[in-house]
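Asks: These protein sequence lines map, in sequence, to chains Z and B. Note that the working numbering gives residue 114 to position 114 of the first sequence, counting from 1, and the numbers run on in steps of one. Position in the second sequence (from 1) plus 1000 gives the number in the working numbering.
Simulated from the structure, these hints should not be mistaken for laboratory data. Please note that a few of the clues may not be correct.
[Claimed, not checked] Now the stretches of chain B that chain Z is said to cover, found in silico as 3 or more residues with beta-carbon under 8 Å:
#1 1008-1016
#2 1028-1042
#3 1077-1086
#4 1098-1106
#5 1126-1137
#6 1236-1242
#7 1251-1258
[As the list claims (entries may be wrong)] Computed Cβ-Cβ distance ranges for the label pairs, DEER-style:
#8 T1048(B) - R56(Z): 40 to 48 Å
#9 L11(Z) - W1195(B): 17 to 25 Å
#10 R1003(B) - V18(Z): 53 to 61 Å
#11 S121(Z) - W1140(B): 57 to 65 Å
#12 R1093(B) - E167(Z): 42 to 50 Å
#13 W1195(B) - Y13(Z): 23 to 31 Å
#14 R1272(B) - P177(Z): 41 to 49 Å
#15 P177(Z) - V1105(B): 22 to 30 Å
#16 G206(Z) - R1093(B): 48 to 56 Å
#17 P1200(B) - W55(Z): 51 to 59 Å
#18 W172(Z) - F1056(B): 54 to 62 Å
#19 E1050(B) - V24(Z): 45 to 53 Å
#20 R1272(B) - F49(Z): 54 to 62 Å
Predicted, not measured: the structure shown is a model, and the values here were computed from it. Just so you know, even glycine gets a beta-carbon here, dropped at the ideal spot from N, CA and C.
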Amino acid sequence: MKRILEVNIGLVYLFLYVPILAVVVFSFNSGDQISVWEGFTFGWYAKLFEDAALWRACRNSLLVAGVATVIATGIGTTTALAIERYRFRFRTALTRCLYLPIIIPDIVLAIALLIFYVQTSIPVGLISVIIAHCVFNIAYVTIVVRARLQGYDNTLEEAARDLGANEWQTFWRITFPLIAPGIIGGALLAFTLSIDDFVVTFFTAGVGYTTLSVHIYSLLKFGITPKINAISTMLLANSIVFILLFLWFQGGTTASQRQEA
Amino acid sequence: MRRNYHLFVLLFPVVFWLVCFFLLPLVSVFIYSFIERGMYGGVRWNFTLENYSRMFDGLYLGILWRSVSTALICTAVCLLLGYPFAYYLARYRPKHRNILLLLVVVPFWTNFLIRTYAWILILRTEGILNNFLGAVFPNWGPLELLNTPLAVQIGLVYGYLPFMILPLYAALEQLDMSLLEAAQDLGASPRRAFWHVTVPLSLPGILAGSMLVFIPTVGAFLTPDLLGGGKVSYIGNVIERQFKTARDWPFGSALSFMLMGIVLVGTVLYFRALQGNESAK
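Work out the full structure: start from the sequences and follow the hints.
Replies: Quick look at the structure:
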């Protein structure tokens, strides 16, 4: 029985990692075929630096993800504070409504926004994409920050108030530093989701406003070249850096929560 | 009064955003699904039920069924692979457990397009799998795997397996081992203890994982598009076509509502099952 479990573990890890490793290995392949090994080269990486369209797409992606992350983190944090700290009439309704953008299929969110933009004559460009990304990012940030808020007791805030701090001081000196790891974690998650999003961007971006995901999609649809392996490997490296950052901040969360307990 | 002021400041942004950029767009989809398509890709503001009746055409029912059955198979395969995996992980030495879990999460943080593309690299006719098999068996005729329903199924399982493993792990890790010992002390065989103690106690994880896999796979657009090569249609692709190429927005809206309906039914069933499980305790 134990052997079967071990074999299953091994197979699942193989299944998860062989495809990713294949992309990395073939990004150093000198041949013109994406999956036939011919020799080692850094050539495809060198080509990336000359690719103006790719860099434009990169810049658009960073711009969209950056702005959407800032907006969503701000709104998500205030929402989490309201839900965790106050009891109000539509609290349950709001919490449920917040999960909806995550639950409904992304293609439905995408076409809904597209129809809405056309009806209200909001021009589709980068701003329309930022607005769209905020819809799902707010939900994710709220969830992460709420988890952090549930993790500590508010006697510290009461103590600060007793010692004469006003609400504003209490928030910035006590609450904010305590929930900061949650906010940063939420922001990192939002940024990653935003950079990775394809479906919502594909429908809400105007012609000429290509983000990295949309650029990769068009490369995949209309002529796959080995360059795609190099682009993918760069993105993979990026994701790994982000996970490590996320874990580092979340790790800080659990460690400090343990101290409080 | 002060409390209300605070609450207003905290809640105004989220309510504004959700109402303007989520609820109103959904209402527009709803309205669009009841009007006629225009001549040149536009719409005509006449009420019609035709968009919904068209869905009961054999072609679209077939596509709907294919999407739902593919999502169900994907959920079942993820559960079969993920349960033993999470079970083993939850009992692993705590020191290395987190690293093993992290290794499951890494692909989840990677761009979905790239994870899907990796399977093109493997499955295409002159891809890695055929080259490998060709090197091992010299008479190997290449398999046509890409652009088939099987490729779509593999891609979906690959994309959503972590969504199944994580909730299962969370449920199994909290499992009170003394309950299993009690069952065995009372004479239950390990198999009986597993089916009567472990599985019922991990049911919330099974349900959550199944829902997290089923919902995104039933409306998947990207995986069928890239790995199915547009040769096999799923509801996500049909919706995309209505908006990007066919330009029949009202019909696309009706299909989207149908898709939301399926997802909603899934969600309601999930909460029912969860409540049933709670009250059974």
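Asks: Evaluate each hint against the coordinates.
Replies: Cross-check of the supplied hints:
1. Counting residues of the segment 1008-1016 of chain B whose C-beta sits closer than 8 Å to any C-beta of chain Z gives 6, which meets the bar of three, so the coverage hint holds.
2. With 3 residues bearing a CB less than 8 Å from a CB of chain Z, the segment 1028-1042 of chain B meets the requirement of three and the coverage assertion stands.
3. With 4 residues carrying a beta carbon less than 8 Å from a beta carbon of chain Z, the segment 1077-1086 of chain B meets the three-residue requirement, and the given coverage holds.
4. Here the segment 1098-1106 of chain B counts 5 residues with a CB under 8 Å from a CB of chain Z, which clears the bar of 3, and the coverage holds.
5. Given a C-beta distance limit of less than 8 Å, the hint that chain Z covers the segment 1126-1137 of chain B holds, as 4 residues qualify and 3 suffice.
6. With 3 residues bearing a CB less than 8 Å from a CB of chain Z, the segment 1236-1242 of chain B meets the requirement of three and the coverage assertion stands.
7. With 3 residues bearing a CB less than 8 Å from a CB of chain Z, the segment 1251-1258 of chain B meets the requirement of three and the coverage assertion stands.
8. The beta-carbon spacing between T1048(B) and R56(Z), approximately 43 Å, falls within the hinted interval of 40 to 48 Å.
9. Remark: the range hint 17 to 25 Å for L11(Z) to W1195(B) is upheld by a beta-carbon distance near 24 Å.
10. Range check, R1003(B) to V18(Z): about 56 Å between beta-carbon atoms, so the 53 to 61 Å window is met.
11. Take S121(Z) and W1140(B): their Cβ atoms lie about 58 Å apart, and the range 57 to 65 Å holds.
12. For the pair R1093(B) and E167(Z), the supplied restraint of 42 to 50 Å holds, since their beta-carbon distance comes to about 47 Å.
13. The hint said 23 to 31 Å for the Cβ distance between W1195(B) and Y13(Z), and at roughly 27 Å that hint holds.
14. At roughly 42 Å, the beta-carbon separation of R1272(B) and P177(Z) lies within the given 41 to 49 Å, and the hint holds.
15. For the pair P177(Z) and V1105(B), the beta carbons lie near 27 Å from each other, so the given range of 22 to 30 Å is met.
16. Between G206(Z) and R1093(B) the beta carbons are some 53 Å apart, a value that agrees with the proposed interval 48 to 56 Å.
17. For P1200(B) and W55(Z), the Cβ-Cβ distance of about 55 Å falls inside the hinted range of 51 to 59 Å, so the restraint holds.
18. Checked against the hint of 54 to 62 Å, the pair W172(Z) and F1056(B) passes, with Cβ atoms roughly 59 Å apart.
19. A hinted range of 45 to 53 Å holds for the C-beta pair E1050(B) and V24(Z), which are about 51 Å apart.
20. Between R1272(B) and F49(Z), the C-beta spacing of about 55 Å keeps the proposed range 54 to 62 Å intact.
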